[in-house]
Each structure stands twice: as C-alpha cells, then as structure tokens.
Amino acid sequence: MSERRRPVDRPRRAALDVLTAVRADHAYANLVLPQVLRKHRLEGRDAALATELASGVIRMQGLYDPVVDACLTRPRLQPDVRDVLRLGVHQLLSMRVPDHAAISTSVDLVRASVGQGPAGLVNAVLRKVSRRTLAEWVADVAPDREADPHGHLAVAHSHPRWVVEALSEALSGVLGDDSALEALLEADNAAPRVTLVARPGLADVAELEAAGGTRTSLSPYGVVLAGGDPAAVPAVAEGRAGVQDEGSQLVALAMADAPLEGRDERWLDLCAGPGGKAALLASLAAQRGAHLVANERQPHRAVLVASTMRAVPPGAAHVLAGDGTRPAWVPGTFDRVLVDAPCSGFGALRRRPEARWRRTPADVQVLVGLQQVLLDVALESVRPGGVVVYATCSPVLAETADVVAAVLGRRDDADEVDRFQL
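Residue numbering for the sequence shown follows numbering that gives the first Met the number 0, starting at 0 and increasing by one per position.
Derived by calculation from the structure, the hints in this document are not laboratory data.
Every residue, glycine too, gets a C-beta built ideally from N, C-alpha and C.
Be aware that a few hints might be false.
[To be verified] Estimated spans, in silico, between C-beta atoms of each pair:
no. : residue 1 : residue 2 : range
1   : His25     : Lys127    : 28 to 38 Å
2   : Asp412    : Gly227    : 24 to 34 Å
3   : Ala257    : Gly150    : 35 to 45 Å
4   : Ala146    : Ala123    : 25 to 35 Å
5   : Leu369    : Gly226    : 37 to 47 Å
6   : Ala146    : Gly331    : 54 to 64 Å
7   : Arg144    : Arg192    : 40 to 50 Å
8   : Met94     : Leu369    : 18 to 28 Å
9   : Gln115    : Asp24     : 24 to 34 Å
10  : Gly114    : Ser216    : 48 to 58 Å
11  : Ala361    : Asp139    : 49 to 59 Å
12  : Val173    : Ala257    : 12 to 22 Å
[Claimed, not checked] Distance condition first, Cα-Cα at most 25 Å in a straight line; then the derived DMTMM-like pairs of lysine to aspartate or glutamate:
no. : residue 1 : residue 2
13  : Lys127    : Asp79
14  : Lys38     : Asp24
15  : Lys38     : Asp79
16  : Lys127    : Asp8
17  : Lys127    : Asp64
18  : Lys127    : Asp139
19  : Lys38     : Glu51
20  : Lys38     : Asp8
21  : Lys127    : Asp98
22  : Lys38     : Asp64
23  : Lys127    : Glu51
Make a model of the complete structure from these sequences and hints.
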C-alpha cells in the first residue's frame, strides 16, 4: 500500500475533528467529544487516546505553538495544518508515543485532511521537535524565569499571561503571596477525574463505591470513579446519583448548612443550570421538609435542570424558567438563596480547557456587572435572617471578593459571614 493511501489512525482523526470544532465552530470540547467518539465508533483505549490527544492539545497549545514556530522559517500556517502539528507535538513531548509513530501518523493525518502539499512540512517540523525534550523546549521558547516570572509561567504552563497575573493576584489576596501559583497552573493542566455524587435519600455512597469508586476527602457524598462510563452506573442512569465535581458539591452543602435565623423551608437556586447543585440541594431539601425553586434563564437549560432532578421526590423542588435579574417572586420569599453566577470559568480550566483561550479581560468586566446584579437580586429575594451564598467557578478577585465588597458596600441590610467558617 502506498504512503498516500495508508489508512488514517481513527483516534487521531477523531482528535483532529474535536480541535477543528473547538477552533472553527467555538464548540466546547467536553460537549463535542462524545459526539465525535460516537461518529468514529471509538471505545475503550481508542476513546481514551482520542480524548487525551484533543484535551491535551487544547490545554497546552500556548506552549506547543511557540515550539512549532521555532521550527519554521515562515510561521504562518493553515489552521488545520497547525492543529495536526499540535497533535504531533503533544505526542512527542507529553505522551509515551514513539517518535516514529507520532511523526508518521501526523503525516498521514495531514495528507488525509488537507492534502499532499503540507506533508513534507509536517514531517520536517516534527523531526526537529523530536530532537529535544519538553524541558529543553521550555527553556528555549519561554521568557527567562528570573527576568519575567509571569511570562515564563504563561508559556511553560500554557496560560494567557493576563490569566496568570489574575490568578497570582487572587492567590496573594487569599494566602498573602503567590507561592502556590505554579502548582495551580500545573493543576489546570492535569486530566480531570470523574467524580460522582450520591444524592442523599436517593443513593448511598457505598453503592457508588461498589461500582468502582473511592470516597472523596471533603464531600460526604462524593466518590471518584476509577474509570469507565459513569452512565453505566445504575444510580447515575436513574438520576439518583450524578457526575459532579467535589468543589461543586461543597458549594451546595455550604448553602444548605449555613446557619440562619428562623424558618428553613424555602430555598432558591437563582442560576440553576445545568442542574448539578440544584439536584443535590433538592435531595437535601426533601430530607429536611424544605422546597427548592431551581431558576434558570435559558429554557433549554431549564429542561436539563428538570432532567437532572428527575429522581427527586415530587413536591421537593420545581424548575422555573426565568431571568434571574428580573425575578418572578416577591422580595423576601426565601430562607436560603444560592447564586452560582455566570463567570469566566477560570476555576474549572481542567475540565474546560478552551476557556483560557476564549476569555478576555473585557469579558470579565461584563461578567462582573452581571454578577453584581444577581447578588443584589439574591439579597432582595432572601428574608431577614436568611442566608445568601454567592459562588463562582473562578478564583479571580474581580469576580469573587470584589463583587461581594461592591454589593455590600452600597447596602446596609446584609452582613458578610466569614467564608472560611462555611
């Protein structure tokens, strides 16, 4: 069989399809990946390989692009050729793929997806890349660590510089310095674990452990799944358990367990989509004789919230499709309110790797305005003596502490609870 007609490796073809969708169609990798795996009929090890290739490239392209450019005389490339090169670089520098396999499959891939023209270029560039280790390439293409520490970390750990600076500021604001900054950036680039939640009253943690899980250290309802498809776990398939990161579980528990004065019967999740926190809160509400209103602005996401809560006992919760900035209820209706506000997502870059390349400082400022409005609505919605929990999946101070300070600074009817006591 000729080189040109050699079959293209299916996992690598699938990974390229994901990269194309993320780049050209602004798709989310975690949403498009299952569709692509089904299209190419990939399971088991092949599906895992495609997932690692696509996710790894999206995370690390901020380093891989300077490496590729250092091997070019003319750095301008067709976007699809650059995607193939990124896939090859990831295999050479960050995976245990033999050099010859990484190079030859990349050449086959560019022939099949673009044409014969760029095949020689891809071969030449990847051979140059293979002559150095990852550490050697970082030393070559990243700014000097002593002269420009943030610039060095931005390239070495593949984050936009402004994100590195924002995370540094956030760590300094909480810990007093940013000594944990590099560890945080490294954590962003680690492959995410699949964490399940056993919704109380509906499933037991022991049931999820029996399916191959290990208890989490902080949430009493969390289990880390060792592997496999979570949908194959009966409790997950039936809605009695779900996929939910431990941090998300802890936010819901903070809202449910925060001390308050007086009755504890009416709960509100102001921004409920896609429904993970709402489902956990609804199951807790059912056990405590409370009722949860799960509000979601977008109707299609409200449908998703309802589906996520399908196993919750009738009467414990209901879903409302409405704009959280224009509430459909009278002020002071609720005893507990959670406002899990739309945000940059910089606290979830492990699971949403493309977010780092899509957000800009201007985006954050727009989000801050919305976050302040939603927190104001939450405070208007809670009764005197009740509790509001404000949360985002972002550590950026502008979206967290600064929002709380700005809102409370113009109100005299609310006090901040020490967040480290929750």
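Each hint tested on the structure:
Checked against the given bound of 28 to 38 Å, the beta carbons of histidine 25 and lysine 127, roughly 32 Å apart, stay inside it. Checked against the hint of 24 to 34 Å, the pair aspartate 412 and glycine 227 fails, with Cβ atoms roughly 50 Å apart. In this structure the hint that alanine 257 and glycine 150 lie 35 to 45 Å apart at CB holds, the actual value being about 41 Å. Checking the proposed 25 to 35 Å range against alanine 146 and alanine 123 shows it holds: the Cβ atoms sit about 32 Å from each other.
For leucine 369 paired with glycine 226, a C-beta distance near 38 Å keeps the hint of 37 to 47 Å intact. Distance hint check: the CB atoms of alanine 146 and glycine 331 are about 56 Å apart, consistent with the given range 54 to 64 Å. Distance hint for arginine 144 and arginine 192: a CB-CB separation of about 30 Å, inconsistent with the stated range 40 to 50 Å. Our hint of 18 to 28 Å for methionine 94 and leucine 369 is violated, since their Cβ atoms are close to 40 Å apart.
Glutamine 115 and aspartate 24 have their C-beta atoms about 26 Å apart, which keeps the hinted 24 to 34 Å range intact. Checking the proposed 48 to 58 Å range against glycine 114 and serine 216 shows it holds: the Cβ atoms sit about 52 Å from each other. In this structure the supplied range 49 to 59 Å is violated for alanine 361 paired with aspartate 139, their Cβ-Cβ distance being about 32 Å. The hint said 12 to 22 Å for the Cβ distance between valine 173 and alanine 257, and at roughly 20 Å that hint holds.
For the hint pairing lysine 127 with aspartate 79, the CA-to-CA distance comes to about 20 Å; that is within 25 Å, so the pair holds. For the proposed pair lysine 38 and aspartate 24, the alpha carbon gap of about 17 Å is at most 25 Å, so the pair holds. Using a Cα cut-off of 25 Å, the hinted pair lysine 38 and aspartate 79 holds, with the two alpha carbons roughly 20 Å apart. Our distance criterion of 25 Å between C-alpha atoms is met by lysine 127 and aspartate 8, whose separation comes to about 22 Å.
Distance restraint check for lysine 127 and aspartate 64: the Cα-Cα separation of roughly 14 Å lies within the 25 Å cut-off, and the hinted pair is therefore satisfied. The suggested pairing of lysine 127 with aspartate 139 holds, with an alpha-carbon distance near 13 Å, which does not exceed 25 Å. A hinted pair counts as satisfied when its Cα atoms are at most 25 Å apart, and lysine 38 with glutamate 51 qualifies at roughly 17 Å. Proximity of lysine 38 to aspartate 8 is assessed by CA-CA distance (about 14 Å); at most 25 Å being required, the pair is judged to hold.
A threshold of 25 Å between alpha carbons decides the hint, and for lysine 127 with aspartate 98 the separation of about 11 Å falls inside it, so the pair holds. The suggested pairing of lysine 38 with aspartate 64 is violated, with an alpha-carbon distance near 28 Å, which exceeds 25 Å. The hinted pair formed by lysine 127 and glutamate 51 meets the criterion: a straight-line CA distance of about 23 Å does not exceed 25 Å.
Checked against the numbered hints listed earlier, the structure breaks hints 2, 7, 8, 11, 22; every other hint is satisfied.
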